[in-house]
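Visitor: Chain residues, written in single-letter form:
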Amino acid sequence: MDNAPLLEMRNIKKDFFGNQVLSDINLTLKEGEVIGLAGENGAGKSTLMRILFGSDVIRETGGYGGEVLIQGEKADFQSPFDAIAAGIGMVHQEFSLIPGFTATENILLNRESKKKSVLSELFSDRMDTLDRKDMERRAAEAIQKMGVNIDGSMLINNMPVGHKQFTEIARELSKEQLKILILDEPTAVLTEKEAEALLDSIRGMSRRGIAVIFITHRLHEILEVCDRVVVMRDGVVVGDDPADKTSEANITKLMVGREVSIERVSAEGEEKKPEINEENADIILSIKNLWVDMPGETVRNVNLDVIDGEILGIGGLAGQGKLGIPNGIMGLYDAGGKVVFNGQEIPLNSPRKCLDASIAFVSEDRRGVGLLLDESLEWNISFPAMQVQNKFLKKYLGGLITWRDDRAIHEVTKKYIDELQIKCTGTRQKAKELSGGNQQKVCLAKAFALGPKLLFVSEPTRGIDVGAKKLVLEALKSFNRDNGVTVVMISSELNELKATCDRIAIVSGGRIAGTLPATVPVEALGTLMISQVV
Amino acid sequence: MEENSINSSGRIKGLIQDFGLPRLIITGFLILLLIVAPIVGADLPTQISNIINRFSWNGILVLAMVPMVHSGCGLNFGLPLGIISGLLGATISIELGFTGPVSFFMAVLISTPFAIVFGSLYGWLLNKIKGGEMMIATYVGFSSVSLMCMMWLLLPYHSPNMVWGMAGKGLRTTISLEGYYKEALADILQINIGNLMIPTGAILFFALLAFLMWAFLHTKTGTAMTAVGSNPDFARSAGINVDKIRLISVVMSTWLAAIGILVYEQGFGFIQLYMAPFYMALPAVSAILIGGASVNKASIMNVVIGTILFQGIVTMTPTVMNNMIHLDMSEVIRIIVSNGMILYALTRKTEGSK
Amino acid sequence: MNKTNLGDIFRRFSVPLMFVLICAVCAPISGLSPSYLANEIVTRMGRNAFLILSLLIPIMAGMGLNFSMTLGAMAGEIGLILVSDWQIVGIPGMVLAMIISVPISALLGLFCGKVLNMAKGREMITSYIISFFINGIYQLVVLYLMGPVIPIKHSNIKLPRGYGVRNTVSLLSMRQKLDNLIPLTIAGVKIPVATFIVIFLLCLVIIWFRKTKLGQDMRAVGQDMEVSKDAGINVEGTRIISMVISTVFAGVGMIIYLQNMGNIATYSSHSQIGMFCIAALLVGGASVDKASIGNVFLGIILFHTMFIVAPKAGTVITGDSMIGEYFRVFVSYAVITVALIMYETNKRKNKSRAGEELARAQEEENEGAA
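Chains as they are written, first to last, in the working numbering: chain A, 929 to 1462; chain B, -13 to 340; chain C, 850 to 1219.
For the record, the hints were derived by calculation from the structure and aren't laboratory data. These numbers come from a predicted model, not from an experiment. Heads up, some of the hints might be wrong.
In silico DSS-like links for lysine-lysine, alpha-carbon gap of 25 Å or less [unchecked claim]: (1) K969/C / K1360/A; (2) K116/B / K1139/C; (3) K1398/A / K1381/A.
Sequences are here, hints too, so could you generate the full structure?
Guide: Right, dumping it as structure tokens:
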């Protein structure tokens, strides 16, 4: 028994509805060992951790293959509570704290120290009174274990972000049975100093025998604190090396280093587009000092020029601000700075002004912003064009009454259903009844119907199957080629950007880290991606 | 064969789910009442005229729910605010000395600016508190009714037909419309066949407003209103000024409530002041829900069906029950059915939008 | 920083301050003697405090103002009607009525809690409609089932037609039995000592309850259901328990209320009680998500002073007694409306403030860069 590693994951496989996201993952973890888990977004890190933590999502989507062994014994967690009982703790990216409670109360949430009372005999142990003194002692102990000083009696509301993060960690440490601690990007919200303190406390935990799985995009932190670095890409472990035998450059290469499989697909008879010449190209959109307050996707001081007729890709890790750029320009989130389109300044914070200037946007939040789920495809496709450009309307009484032209709407919807091969039962089908890929096509059709000069497309292939992916990208390319529309495509997948775009701008830490032609090797883009990560 | 039967039973289940069990029960109940009525000796034509009459009184008040539901403001529990605009129009019209059908026309005219002003303020408030509309709407309605209770006493009304005879000031709780606009609409083209009486004018008036509402929902602004209700984020990203559209819907709803109460009064024959408008929102809310609307979807058909079903039950139950077991439980049944229906709608998950 | 804090404090206590003003203006005009006022307020304190205290627990559990406390009130009334028919008098009658009301309240609270769990995010409007719905059921029971199904013997309770309960049921046999159990008069003010003791005990229970594990769970659930669920707290169960407790307390509170009044208005006693209790609590400085025992007592004093003096003052000023009556009704509704609006706008303000701060930080940085 003693020889068995603390944790062993064997041949873990997972698919979401036929979409393989993890294949044959093997991972071992010894007592007190700290491993760093690196990989691009969508590489499968989170899914793997969810399996380990017994997440409901995993079970609801058909479970996983392979086995998880804890100290040599097979574990089959039915819920996160089973995982917690087995000694696994997890600190998520989003805080899971009660704002009006003190740190102590949060650390011991639902595990409070109790004293028996008369009524608890009568009813249940929920009538026990809380033993505040003992709670303070236990919380202080956990805080001390962490090695960072936070005030146990302080309300979460009044805490700086870093202290909230430490409170979460202290909560995990206060669990006596804790053996494995998963930290999912814990330093993302910390100042440099706080991050240093956290790394120290990870070392401390390791000395106490607690094994830590540390997920971060800040590679130098991994190298500093971890014993081993595990790199994942596309659901496979591509590297598992001792930290002292690898380097940042090495890890980056492993993270993004797939040979590009979908090389610029040139359809038959496609005319080769002339190379974009940056020097004397027409700038159609010029962004100066843009800041956008989009929660989780903050943009800081972005300067970017878009050349007329190109497909510009914007890439970067999740949370670095690439999504904030189109959302901010289109007025969906608070933004400031200067945006000039076609020689004319576009006022920010007004979606209407952008649409009037012939800029269209396909949102990454398909269900939340992109679609009227309860309405027909006809409405979804025609609505913005109708409202902004008075298309599909009939006028009566000398323009006094503007009547919806249902026939024209039907025609245009049919046209796009054919053109984009949207699978549906008819133009009147409700948008919520379509699959993700077809919903995405509806979003594109909606933007196409506006006949824009410039089109922002945000994460066009997120969550859709391979076939639809290809179709969507093809549609974008032909829209760009045939109609001369400039396209700005935002995507997390570098290879997709490389296959579709003319130039690629990489966002890191809310800023543009660099703009490169799409022909550069993917490693160069990967390096930029993590260059200014906050 | 078997597969087919499974399919069809599944389809029936789907239909029931779409239609909603409570709605089914209510429809069944009304049909049962209509069948039982002649058997227990109630005069069916009288009953049917009753239902048609009550429909003509209440239809527009129910119609007033439609715009706010469409724009996503939820059920307009603040209906009393619009009713007050109507009451102001009615009392001022009489105070100014208009009589006969003209007084109805004038009441409509005078209540319109009130409805627009009150509706705008109300809409502005509802835009500040998106998400909590229904509860606040309820209490805005209550507050305005109780404020007006004081106003009815204090405002300088003098018409002897309206003020208390003794004091010479302060409006009465109930004002007869005899000589003013009692049945002003109902009398137009009225049809009488035996015991069957159809207030054609009032029904045509409802039909006119319902048609206008239907037409509005087919215009550009109407389409935008539906989209705002369906998904405000979508509408915003399509360049729609969501707050403005919501404000328009609230003003429309308030104005329709004002007209609705005037039509109600011309049928009923009396103006009811003070606490009378207090609970008027609830029957209208439950009627449209019974008609098949949900918290964020409603159509003209829902209004028509809902009003007929609701008023049918309200008018039929007492007579049938009385004739059957000499027991008038109609009030209790009305309370349980109407509030049960609202509860049912509130506990449904609002589908789609997010 | 200090300035905003002062502003916040002022905003928090704006409603009580307004009431102090109204009372200060109206009391002298009304011409009521201080001793009369003191007597009235002490009586009303005994009458209402228990009922209002029953509102505290759902607020703690984040379910807002419990408009369906009327459910408990109805259960209390049913208990009292039955006990008066059985002719059990005095304190034993009251105790028995409470014992009868508890299971009914608990059942209604359970129903209410379950329904509210299905309508998360719109608890208040739903609980408000529940109170109407159950009122229908209550009428069904009291008006039709009492007599044929639930035996009612005495003709002073039964309607002459042979079933159903009369509009008023006299509680002469219990009238102020609890209030007068321990007689005490200080400076001409009659003090219902025993009632106050019961209220005091309830306060102790509530204070103690806050310190229990269940109380802690309720506070957690009230602030964030998701986090509580992740921590393994049974969120829905906890919410149901809070409704059950509130309804049971409301039932007992109603019995105390009615023993003071001395009769039951069978079909209307409960209908306004929820509104007045909620208004009083809000006047005491409570909000939709925060209320304390102090708010209850301050609220009763201010709200009921206004309630007593407003009609008199109104009569003196306008010569019409109805004005004052309507005024106090208006004020009750207006207070609730304002509290609800403040609650909703505050929720939004907190959100936008976070955004503003981020934007400002970036702007500063931009300036630094430029």
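Visitor: So, for every hint listed, does it hold in this structure?
Guide: How the hints compare with the structure:
1. For the proposed pair K969/C and K1360/A, the alpha carbon gap of about 23 Å is at most 25 Å, so the pair holds.
2. Taking the CA atoms of K116/B and K1139/C, the gap is about 21 Å. The hint holds against a cut of 25 Å.
3. Taking the CA atoms of K1398/A and K1381/A, the gap is near 23 Å; set against the 25 Å cutoff, the hint holds.
When held up to the earlier numbered hints, the structure conflicts with none and fits them all.
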